[in-house]
Amino acid sequence: MKKVKKLSVLFVLLLATLLAACSDSGNKSSDGSSSKTSSDGKTLFIGLVNPPISFNPINSGDFASQWLEKFMFETFLEMTAPLEFTPKLAESFETEDNQTYTIKLQPKATWSDGEPVTAEDIAFTFNLIANPKTETSVGTIISNLEGLDENGKLTNGEKEIPSITVVDEKTFTFKTKQPVDPNLIKEFIGSQIMILPKHILKDVAPEDLTAHPFMQNPNVTNGAFKFVKYEADQYVEFAKNDNYYVSKPKLDKIFVKIMPATNLVAQLQTGEIHMNAGVGLGSIAVSDYDTVEKIKGIHTTANPANGYQTLLFNTKKITDPNVRVAIGHAINRDQMIESLLQGKGDYVDGPYPSINPYYDSSIKNISYDPEKAKEMLKAANWDFNTPLEIAVPAGNKMREQAGAIILENLKAIGLNVQLVTSDFPTHIAKAREGNYDLMILGYTTNIDPDITNYYGNDSPFNFTGYQSEEKEKLLLAGNNEPNPEKRKAIYSELQALFVKDLPVFTLYSEYDFAAISDKVISAGPTFFGYHNNLQDWDLSDK
Amino acid sequence: MFQYILRRLLIAIPILFGVTVFNFFIINLAPGNPVEMFVNPNISAEDIELKKEALGLNDPIYEQYFHWLGNVLHGDFGFSYATHEPVSQMILERIGPTLLLMGAALILAYIISIPIGILSASKQYSLTDYTTTTLSFLGISIPAFFLGLGAIYIFSVKLQILPTGGMTKLGSSGGFGDVMMHLILPAVVLAAGIAGNMVRYVRSSMLEVLGQDYLRTARAKGLKNFVVTNKHALKNAIIPIITIIGMDVTILIGGAVVTEQIFQWPGLGQLTIKAIMSRDYSLLMAINLIAAVVVLSANLLTDIMYAIVDPRIKYN
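Residue numbers (the UniProt record's numbering), protein chains in the order written: chain A, 1 to 542; chain B, 1 to 316.
For the record, the hints were derived by calculation from the structure and aren't laboratory data. Some hints could be false.
[Said to hold, decoys possible] Computed cross-link-like contacts, BS3-like style, restricted to lysine-lysine with a CA-CA straight-line distance of at most 25 Å:
(1) A:Lys42 - B:Lys235
(2) B:Lys158 - A:Lys296
(3) A:Lys202 - A:Lys133
(4) A:Lys159 - A:Lys170
(5) A:Lys500 - A:Lys488
(6) A:Lys317 - A:Lys374
(7) A:Lys316 - A:Lys500
(8) B:Lys169 - B:Lys158
(9) B:Lys169 - A:Lys229
(10) A:Lys159 - A:Lys133
(11) A:Lys133 - B:Lys52
(12) A:Lys294 - A:Lys500
(13) A:Lys177 - A:Lys133
(14) A:Lys486 - A:Lys248
(15) A:Lys133 - A:Lys108
(16) A:Lys175 - A:Lys486
(17) A:Lys372 - A:Lys202
(18) A:Lys296 - B:Lys169
(19) A:Lys378 - A:Lys317
(20) B:Lys224 - B:Lys235
(21) A:Lys159 - A:Lys229
(22) A:Lys411 - A:Lys372
(23) B:Lys169 - A:Lys519
(24) B:Lys235 - A:Lys159
(25) B:Lys52 - A:Lys294
(26) A:Lys378 - A:Lys344
(27) A:Lys519 - B:Lys158
(28) A:Lys248 - A:Lys42
(29) A:Lys344 - A:Lys294
(30) B:Lys169 - A:Lys250
[Claimed, not checked] Here are the in silico distance ranges between beta carbons for each label pair:
(31) A:Lys108 - B:His67: 47 to 53 Å
(32) A:Ala394 - B:Ser141: 22 to 28 Å
(33) A:Asp320 - B:Ser88: 52 to 58 Å
(34) B:Gln89 - A:Asn435: 32 to 38 Å
(35) B:Phe145 - A:Asn322: 42 to 48 Å
(36) A:Asn435 - B:Ile140: 52 to 58 Å
Source: prediction; values computed, not measured. Beta carbons are placed, not taken as given, at the ideal position from N, Cα and C, and that holds for glycine.
Use the sequences and the hints to build the structure in full.
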């Protein structure tokens, strides 16, 4: 018995040592300084649900990473509303012939170590992205440039993109393969590409870039805030960049805290966070809307967003478009929006949500009409005994419930359906292999209507396997047409085709629900222009 | 004893080897791979292929395994497939918080459950017994996430006396007191489940011992009931309980996952979930290996504790 006592004493001592060690490690930050001083300054806390994967601005496969990178890396432009752009790192972003584009950088823009941001940095970054050895997630964004293949890569062992020119220290031009809609270039190259510091990374071999320490600790950046520390799955800490070329940021620090969606509400209530991240990365559950709206000192907004949930049809298994349209008629989307989303959502047919300027509202939606669905299925000689699986990804409660509604709807018209829920990696693997009948999946698209990456015949993301010559023709024509009005006509045709062939049936487009403390000034979750004026973000003392 | 320990340690080597083989192939059997988690359609097919090649995912599975094993034998757990951070560093950062949480939960659970279990057994079929049995049953049956969310609602949101999550207050310097404040809720939630289980074991173990002849003799000799229960009976009742302690460690590794998620406790559990969700093979393998080592060590320690508590048990 005495020995047991001794052992427990030892255990307690061990625990105490451990505790001391842990609390010590809490003090460290990447620059070695204690973060204690931050309590003296103005610190904003934002709640984020999805943890970022890395801080490599040219190789981030997830939206959370890209969103976080924008606090510290500038894009040339920022999209403040659909197809409205405001200059950021670029003082001007122009073209006269829709083919040759000139970017003039902000004359005062510098890296956080004091070096000027130059056209050389842009050329360096573009060449790096185009290098076949570089792992990148933005390859297709620059694939319109002359001299690159459809993946945005250099071919024949070339080292530099022939169509880009460094004119002077702050001026840069590039040329596209053919004239294209300037909005397309502004949205992709303008507001998605972030550039890397050449003077820091010029000697790194392209194949080593992804694993380079800079990508976990980007300590030379050009944005309003500097990277301080990422405590994995806990928080990302940013500090203001005193040398920011626009003006000195008003906030001293920003902490983006990572937490499960359920905790967002609790932390808004306790004041541990000032706002949620929004943009689909800090979503608050519908069941909590009421609670959040009632929190004192918090105001909320719900705005249409650019994402939507769809029901994908495996067009190789359900080959008859009439069957797909019939299933569409059987699904009660009103119920999803009214009861599931409490009215905070839209439904639209086709690949564009209603806020997209290219969305054609004249195209008739597929109405809820179970009787018609039954008739159409009979007319198409559908065998009602054919077993159909609806694959649902786990994790998003609303999506899971939407799956349950679909199941009931389809059972009601006599289809032999069942629900299969799996974790996200399994779900995506099923999608890629075409190993499903019906599948729910969420999409966040760009504003530009080019959806070749999602639905092109050969695209790795064309999960439905939807093959159509007419679609390919329209996609190509739309991408190559520089005139926005003519493009609109092309994409209207594409939307009509999508409703006729129905490879995907859009379930709902959920509003972006933002909760912001009344203390926050000039900031708040907005779907567009989130990072537009970081330097003006502030907190009041009230 | 020394020989016994040595033998057990030697047996552990093939077991660990088996565990890694099994895990490696099971993980690779699961649908999806690390590259598929890049769901950004701006990534071209060629880039996906480039990533696969860079991570060695195109090699045959057995080659990937031996490559991994070779590195591990050299003390290199490799890099995370997702973040490219060294796996050993990621795990080292997380192991402290997990041990702290588990240790605190275990100690708390035993401090609560052993006396309650004894009390419950010595007053069998009384109101105290029924109350403690019911409470322990509740402790076992209430899911950790429910208890956790409830605790957050009451203590953080309503009473505002404890933080909702994390390990230190962000922007502050941390420190002992700060960590303790953050530790209370997750430790209590984690302890509830273990304590519930433990009370029932202590109770039944004590009941069994209390019914033995030698205790009746002890009481007949005029020994005080307190001494009979807490000295003579407890000593013999403790042996099966030690087995449970060994088992609790394994249960904790799983149980801590949920609790760490709810309270954003930066431990191994949270890292495991992330590794699974991103199919981060190298990270998962390292975590599995550590879990296997912990389970084997816990079993060995349990057996050693047996011998210490009960001199009749000898390992030859």
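ask   = Has the hinted range 42 to 48 Å been met by the Cβ atoms of Phe145 of chain B and Asn322 of chain A?
value = holds (45 Å)
message = Can you confirm whether the C-alpha distance between Lys42 of chain A and Lys235 of chain B stays at or below 25 Å?
response = violated (58 Å)
ask   = Regarding the pair Lys296 of chain A and Lys169 of chain B, is the alpha-carbon distance no greater than 25 Å?
value = holds (23 Å)
message = For a C-alpha distance cap of 25 Å, please report whether Lys372 of chain A and Lys202 of chain A respect it.
response = violated (63 Å)
query = Regarding the pair Lys133 of chain A and Lys52 of chain B, is the alpha-carbon distance no greater than 25 Å?
reply = holds (13 Å)
key: Hint check for Ser88 of chain B and Asp320 of chain A - Cβ pair distance inside 52 to 58 Å   = holds (55 Å)
Restraint check for Lys169 of chain B with Lys250 of chain A, where alpha carbons must lie at most 25 Å apart = holds (22 Å)
request  = Can you let me know if the beta-carbon spacing of Asn435 of chain A and Ile140 of chain B is within 52 to 58 Å?
outcome  = For Ile140 of chain B against Asn435 of chain A, whose Cβ atoms are near 39 Å apart, the range 52 to 58 Å is violated.
Given hint Lys170 of chain A paired with Lys159 of chain A - CA-CA distance at most 25 Å = Given that 25 Å is the threshold and the Cα spacing comes to 22 Å, the pair holds.
request  = For the pair supplied as a hint, Lys378 of chain A and Lys344 of chain A, confirm whether the alpha-carbon distance does not exceed 25 Å.
outcome  = violated (35 Å)
Hinted pair Lys202 of chain A and Lys133 of chain A, Cα distance within 25 Å = OK: Lys202 of chain A and Lys133 of chain A at ~15 Å, within 25 Å.
query = Regarding the pair Lys378 of chain A and Lys317 of chain A, is the alpha-carbon distance no greater than 25 Å?
reply = OK: Lys378 of chain A and Lys317 of chain A at ~18 Å, within 25 Å.
Figure legend: structure checked against the earlier numbered hints; hints not met, in rising order: 1, 12, 14, 15, 17, 21, 24, 25, 26, 36.
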